[in-house]
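Below, each chain spelled out in residue letters.
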Amino acid sequence: MDSPWLPYVYDYSVGGLIFAATLILGLKVGAIDMRRESDRRTLIMVVAGFFLFAATHAVWIILASASSGPK
Amino acid sequence: MDRATELVLWDYAALSVYFLVVLLIGLWFAKFTSTTADFFFAGRRFHWWVLAMSCVATLVGSYSFVQYSEVGFKYGFCAMTPYTNEWFVLPLFLFGWFPLVYYHRLTSVPEYFERRFNPQVRFVVTVILLIYLQGYIAVNLLTIGRIMKGALGIDVMVGAALMAVISGIYLHAGGQTSVLATDVFQGLLLLFAGLYVFVMGIAEIGGVAEFWSALPEHHRYPFARFNEPPYLHAVGNFWNDAMTATFAFYFINQGVLMRFLSARSVREGRKAMFFVVVCLMPVAAVAVSGAGWVGRAMHELGLLPENLEARDIFVAVTGKVAAPGVQGLILAAVVAALMSTLDTLITAVAAVGVNDVWRVIVPNRSDHHYLAVARAIAIVSAILGILFIPIFQEYDTIYQALSDFLSTVGPPLAVPLALALLWPRFHSRAAVVAMLGGMAAMILALKYPVLVTPFGHGVDPSQGYSHLRSLYGLVVTGTIAILATFLIRKGDSNPTSYTWHTLPRPRFIPHHRKLRLLHRRFHIEPVEDDRVLIWLHPSTAGELELEPGERLYVCDARWWLGGLRSVSVILGGVREDLPKDRVALSTAAIRQGYLLPDRKVILEFEEEPLAEQPSTPPSPTAQDAKNPS
Chain G
1 MDSPWLPYVY
11 DYSVGGLIFA
21 ATLILGLKVG
31 AIDMRRESDR
41 RTLIMVVAGF
51 FLFAATHAVW
61 IILASASSGP
71 K
Chain F
72 MDRATELVLW
82 DYAALSVYFL
92 VVLLIGLWFA
102 KFTSTTADFF
112 FAGRRFHWWV
122 LAMSCVATLV
132 GSYSFVQYSE
142 VGFKYGFCAM
152 TPYTNEWFVL
162 PLFLFGWFPL
172 VYYHRLTSVP
182 EYFERRFNPQ
192 VRFVVTVILL
202 IYLQGYIAVN
212 LLTIGRIMKG
222 ALGIDVMVGA
232 ALMAVISGIY
242 LHAGGQTSVL
252 ATDVFQGLLL
262 LFAGLYVFVM
272 GIAEIGGVAE
282 FWSALPEHHR
292 YPFARFNEPP
302 YLHAVGNFWN
312 DAMTATFAFY
322 FINQGVLMRF
332 LSARSVREGR
342 KAMFFVVVCL
352 MPVAAVAVSG
362 AGWVGRAMHE
372 LGLLPENLEA
382 RDIFVAVTGK
392 VAAPGVQGLI
402 LAAVVAALMS
412 TLDTLITAVA
422 AVGVNDVWRV
432 IVPNRSDHHY
442 LAVARAIAIV
452 SAILGILFIP
462 IFQEYDTIYQ
472 ALSDFLSTVG
482 PPLAVPLALA
492 LLWPRFHSRA
502 AVVAMLGGMA
512 AMILALKYPV
522 LVTPFGHGVD
532 PSQGYSHLRS
542 LYGLVVTGTI
552 AILATFLIRK
562 GDSNPTSYTW
572 HTLPRPRFIP
582 HHRKLRLLHR
592 RFHIEPVEDD
602 RVLIWLHPST
612 AGELELEPGE
622 RLYVCDARWW
632 LGGLRSVSVI
642 LGGVREDLPK
652 DRVALSTAAI
662 RQGYLLPDRK
672 VILEFEEEPL
682 AEQPSTPPSP
692 TAQDAKNPS
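Sequences listed follow chains G and F, in order.
Mapping the first sequence onto the numbering used here, position 38 (from 1) lands on 38, and the numbers just tick up by one.
Just add 71 to the spot in the second sequence (first one is 1) and you have the numbering used here.
These aren't lab readings, by the way, just hints derived from the structure by calculation.
The model shown is predicted, which means the values in this text are computed figures rather than measured ones.
Careful, some of the hints might be misleading.
[To be verified] Pair ranges (Cβ atoms, derived):
hint: 1; chain 1: F; residue 1: V354; chain 2: G; residue 2: A54; range: 33 to 41 Å
hint: 2; chain 1: F; residue 1: V92; chain 2: G; residue 2: S38; range: 33 to 41 Å
hint: 3; chain 1: F; residue 1: W630; chain 2: G; residue 2: F51; range: 41 to 49 Å
hint: 4; chain 1: G; residue 1: L6; chain 2: F; residue 2: P581; range: 45 to 53 Å
hint: 5; chain 1: G; residue 1: L6; chain 2: F; residue 2: V354; range: 43 to 51 Å
[Unchecked claim] Listed next, the stretches of chain G that the computed footprint assigns to chain F, with coverage defined by at least 3 CB atoms under 8 Å from CB atoms of chain F:
hint: 6; segment: 4-14
hint: 7; segment: 19-25
hint: 8; segment: 28-39
hint: 9; segment: 45-54
C-beta atoms are modelled at their ideal positions from N, C-alpha and C, and glycine is treated no differently.
Given these sequences and hints, build the entire structure.
This is the structure we're talking about:
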């Protein structure tokens with residue numbers, strides 16, 4: 001079996017690149033306006049949510065790897 | 072529920088009550104529909120939690136319980152992946168597509184293409200989108216027809232027709248408002264039913280620790296293996312689900328777009344989307360996959376037959392853990408998952424049919440006329456869905472039919488839409504070439520899977536690269552689009568208003584002004600007037616720094632109505648004779664917002680783009696206030 005981390009790294013690196021590139025481009029073209037409280041709050045929530053899911057998946061993989069099953 | 076299940080009287084009773092409740096909710100909410108804006112966008116008045124809850128029901132398709140339970144049984148927790156990987160396209164939706172469509176008051180995806188390019192592109196997109204939506208409706212009807220056959224023993228076509236008739240009745244009457252209301256109920260029902268099976272299953276096994284230790288080790292990981300087996304792997308999940316299907320669902324699916332356009336503001340829509348992705352989708356994933364996971368644990372412990380087929384696991388686990396009557400409720404939840412997806416799609420077809428076809432052929436008619444046409448199209452769409460069923464009956468599994476269908480249409484629409492939004496240089500001819508070329512490339516790949524090999528990531532080609540066809544489609548359509556943009560003589564383009572470089576901005580309301588409206592409730596003083604206006608006491612207007620002509624949102628103070636009784640109004644001026652705790656509302660505003668004069672209301676500032684603000688004190692009609700652009 002391949003490493004359980006490979007899909008994780010692929011998802012969050014390729015997907016993370018697309019995620020980050022979209023945010024950076026949005027900031028650059030002004031679609032995300034950091035002077036506005038609404039945009040600022042949404043941006044923080046989106047980035048925090050992304051890392052929350054990444055962290056949850058990482059902890060899950062660690063727990064699954066640490067436990068030994070019947071097979 | 073692909074095979075016959077043994078239902079008892081209580082199960083039939085639960086199923087009958089479900090149908091009755093859905094019909095009653097749908098028909099009762101029909102009284103909140105009197106214009107096309109109500110029919111398609113529920114008056115653009117709803118709060119985030121209504122949209123979020125109703126979205127869950129739409130996101131969970133009719134095939135989800137059976138399909139994801141099967142995946143969960145075979146492969147474990149990775150069945151959750153399609154419900155937890157929506158982050159990557161989220162920024163473009165929240166900061167680009169949704170505010171652009173909302174602020175420009177666009178009514179459909181094809182309309183965006185006309186504004187961005189020209190009517191010819193709109194025509195092409197309309198045709199593709201209608202095929203996409205009608206095909207999706209047929210697949211959903213086929214699924215429910217098979218479920219009804221398994222559960223009740225009735226013919227597939229009869230079961231499908233029965234569902235189409237029930238959806239058609241409340242859709243015809245209430246449109247999007249009825250869809251929202253029934254979907255909130257159905258969303259709660261299907262989450263409850265799925266979680267019930269999961270929790271009862273764990274209890275049957277003996278607890279969480281026993282459940283976890285009974286699972287095979289490779290079932291415990293949240294992701295599938297990287298590139299094997301050929302029909303389910305992480306790399307395919309990423310490109311097919313996370314990127315293509317998610318983009319298609321939120322950006323191209325007219326029904327989902329209309330759901331978010333029912334929000335009272337961009338802020339409410341964003342909140343709804345965020346709540347769906349962070350909270351509701353993971354819960355929905357457990358609800359639809361849970362039977363598969365506990366089924367696997369039961370199977371390992373010898374609590375289920377050794378020769379049980381994976382596709383029957385949902386029925387097997389449900390039969391084992393559900394009490395009499397609850398099984399009927401769970402069947403109702405499966406039906407709810409269908410009905411909620413089906414009604415969203417039919418409303419979407421009605422919207423595209425009226426806004427992109429009928430209004431173009433028969434322009435300048437009354438709103439009443441277009442509302443009647445929309446209702447007629449909803450019925451026709453349901454009938455067409457039934458007629459299209461035989462096309463998809465050719466496939467071995469419904470999931471395969473859906474997957475092939477969506478992957479053929481998804482990338483050729485997704486790439487041009489993304490480029491139209493992000494790249495000002497992208498023009499009309501390049502958009503058409505990319506769509507048609509992309510579709511041709513996808514059909515070729517279905518026939519010759521070898522074309523997908525360069526994108527194979529080492530996946531065994533024996534299954535035809537069903538998941539990685541999406542990556543191939545994205546790359547090929549993108550390449551065609553970029554080459555066409557540079558090589559073909561420039562076509563029409565209106566990048567100045569319809570890319571995310573030039574998004575309209577909401578007007579800036581200082582925080583201290585918003586705070587002054589917090590926790591304040593007002594009684595209503597009705598005023599005979601056919602304009603959609605509000606008048607305030609001079610001290611209230613002064614305190615809030617309001618000038619005549621300013622837009623305000625008036626909403627029934629009962630939060631649990633979720634904005635059902637609310638209206639966007641324009642400040643007509645001040646009135647000395649009003650008490651401070653009262654606002655005067657025109658009868659047109661009360662009527663349009665379905666407000667009750669004996670109920671208190673709250674006020675909020677409207678934050679629509681500055682460009683749409685009237686520059687002089689207004690005398691708006693009801694229609695002006697609803698559609699300020």
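Requested in this report: Check the following: the C-beta atoms of W630(F) and F51(G) are separated by a distance inside 41 to 49 Å.
Outcome: 31 Å, violated
Query raised in the report: So does V354(F) sit 33 to 41 Å from A54(G), Cβ to Cβ?
Result: 19 Å, violated
Report task. Closer than 8 Å, Cβ to Cβ, for at least three residues: run that test on the segment 28-39 of chain G against chain F and report holds or violated. Result -> holds (count 9)
Query raised in the report: Quick check: the segment 19-25 of chain G, covered by chain F? Criterion 3+ residues, Cβ under 8 Å.
Result: Answer holds; 4 residues pass the 8 Å Cβ test.
Requested in this report: Check, residue by residue, whether the segment 4-14 of chain G contains three or more positions whose beta-carbon lies closer than 8 Å to a beta-carbon of chain F, and give the verdict.
Outcome: holds (count 7)
**Report entry** Distance restraint evaluation - L6(G), P581(F), Cβ atoms, bounds 45 to 53 Å
**Finding:** 50 Å, holds
Requested in this report: Go check the segment 45-54 of chain G versus chain F for me, would you? Three or more residues, Cβ under 8 Å, otherwise it fails.
Outcome: holds (count 6)
Query - V92(F) paired with S38(G), Cβ distance criterion 33 to 41 Å - result: About 37 Å separates the Cβ atoms of V92(F) and S38(G), which means 33 to 41 Å holds.
Query raised in the report: When you take the CB atoms of L6(G) and V354(F), is the distance between them in 43 to 51 Å?
Result: Taking Cβ atoms as reference, L6(G) and V354(F) lie about 28 Å apart, which means the hint is violated.
Checked against the numbered hints listed earlier, the structure breaks hints 1, 3 and 5; every other hint is satisfied.
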